[in-house]
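Q: Make a model of the complete structure from these sequences and hints.
Heads up: the protein sequence lines correspond to chains E and Y, in order.
All the letters of the first sequence, read from the start, carry residue numbers 1 to 367 under this note's numbering.
All the letters of the second sequence, read from the start, carry residue numbers 1001 to 1257 under this note's numbering.
Source of the hints: derived by calculation from the structure; they are not laboratory data.
Nothing false has been slipped in among the hints.
Calculated from the model, a selection of chain E residues having no Cβ within reach of chain Y, i.e. all distances over 12 angstroms:
hint, residue
1, Val78
2, Ala212
3, Val307
No farther apart than 25 angstroms at their CA atoms in a straight line, the calculated lysine to aspartate or glutamate pairs in the DMTMM-like style are these:
hint, chain 1, residue 1, chain 2, residue 2
4, E, Lys357, Y, Glu1046
5, Y, Lys1116, E, Asp359
6, E, Lys143, E, Glu124
7, E, Lys121, E, Glu227
Remember, it's a predicted structure, so these values are computed and weren't measured experimentally.
Note that beta-carbon positions come from the ideal geometry of N, C-alpha and C, so glycine has one too.
Okay, here's what each chain looks like letter by letter:
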Amino acid sequence: MVSLARRNLFHERTRLAISVLGVGFAILLISLLGATYAGFERATGLYIDHLGGDLVVLQEGARDLFHSFSILPQNLSVRLEGVDGVRSAEALLSRQTEGHAEGGDFRLAMVGFDVSGGPWKLAEGRAKPGPGEIVLDRVLAVKRGLSLNEEIHLLGRTFRIVGISEETNLFILQYAFIDRAEAEGLLLPPGMASFFVVRVEEGVSPTAAAEAIEAEIPGVSALTLDEFRDNNTQVVGEAFAPILIVLYGTGFLVGMMVVGQTIYAATLEKMREFAILKAIGARGRTLFSVLLQQSLLSSLLGFLAGVGFTAFLAVLIRELVPAMPLFFQPSQFLGLFLAAVGMSVAASYMPLRRILKVDPATVFRRG
Amino acid sequence: MAGKRPGGVSFAHGEKPLGQAGASGEGAEGALNALVARGVTKVFGEGPAAVRAVDGVDLNLARGEVALVMGPSGSGKTTLLFLLGALLRPTSGAVEVNGAALTARRESDLPELRRKHFGFVFQDFNLLANLTALENVEIALNLAGVRGAEARRRSRTLLRELGLRRRLDHLPETLSGGEKQRVAIARALANEPPVILADEPTANLDREHGRQVVALLRDTAREHGTAVLMVSHDARITEVADRLLIMEDGRLRGMGK
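A: This is the structure in structure tokens:
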């Protein structure tokens, strides 16, 4: 069919531009919100994904790294390795603390490690710190103007930066890594650990090993890595989800209103032409098709504009606010595309009601 | 263009077609009438404020016939056109086109009926402003299910025959009044309807263009067997009309040929 929708839409370029911009900004809002949430969730889970073991053993009742406290004796590793199906158990020490440097003060999620539980991706330097050495996250380093071989102070000690890590940023604080021996007596009392990373024997199910550990050793919780990750990311979801839902909804409504306003105004302007179409035999569904095409085109152009704005802003944010953990996924853009389509369909409802009521006899003069 | 007899539609509820032998009224002898109206009445409003815009109109319009309805403003001419073209529902009475009863049909069936049986020519041309001359004709074919190259070919042929070969890609705003009306006539003819209804087709045209448009409508009637019913104040049209009808206070009377 002759593309009446396209012609009508592109005839009023200013109005189309306004509509595209409106939808574009709505898409930008939704995509940045989604990327921020996904970034938080991913950042929270990344460390756990790179722990390198099969299970995490914590003090009974502790569920995650940041909102529950866990302290266990380091020699528990001997008992853990004595459980059927367990190959090795390695102690890690962790604690949130404050650090100081010339650039200012900052919060750190400290980790004292030996083999497992250290940084997995480096921007500079080396991953394994020795005595008096520390590996810092790149985002923190950039924020505070810190670089290799400079010093920071924490808990009354001075550490020299020997590595800058990637993917260890949690937005409000960043991971920092020191040698486990250095962490003893500093992060926790001597001989104590926060949790253990456990490796199981080949062919042994982690779930079965976790059950065996809990059965044999009272006072501990043994979690698979998936369970441990879920516990940590759940905290992010619980904190952010209600706000996100409201903001997503707001973004969607804004986009829908902008498209709706454009299409409604265009429909009113073209009411006579819709009446002509009815007079020469167009059915309601044909008119709806014209309207929907206009609406869809408008939304899709807005979607493309929104993707463009997002790409531009993502680069800008990474430069200006490096701590912000934006993470974009293909599925998110599919969701945005569907949101744009949804906006079109919803926005077509009111104009369609007007068109279906229009009396084609109005195209004639009254004689 | 080769002439073609438009096909009829099956009758609703076993009704005898009004246009066959046995019904009273004027029309070509022995021929099935293209358009038949019996006792068509339209009342607007209720009670003391009710207005009888059309009052018991009977009309037979034969194929190939050109009829002109004249009358003072407010006499009900345009309302009659609405009723005959299924743009308005009569309060009472019946309308048949090519043997198909319009008044018995559901509201949702009327757009298709208008598309199949009627071509409309309006005083204000009523072309779609953002479509070219060619596309304005093409869209009428699209609505009838003719698409793509076939729709474009037929539209092009019609417009060329109406002398608009060099205007196919022009938007209505760049066409003269006469050219716009010719595009409108082409659109009205696109689906080869049995009846063309024209409301003041020459009102916004100068003398020469008005004459051309009227001649076109007459030639269409002759060559394609299309029944043409025009409503007009223009006395020039009487020259081409086979029959003159006068509308006064909602009533129609014939003035002969």
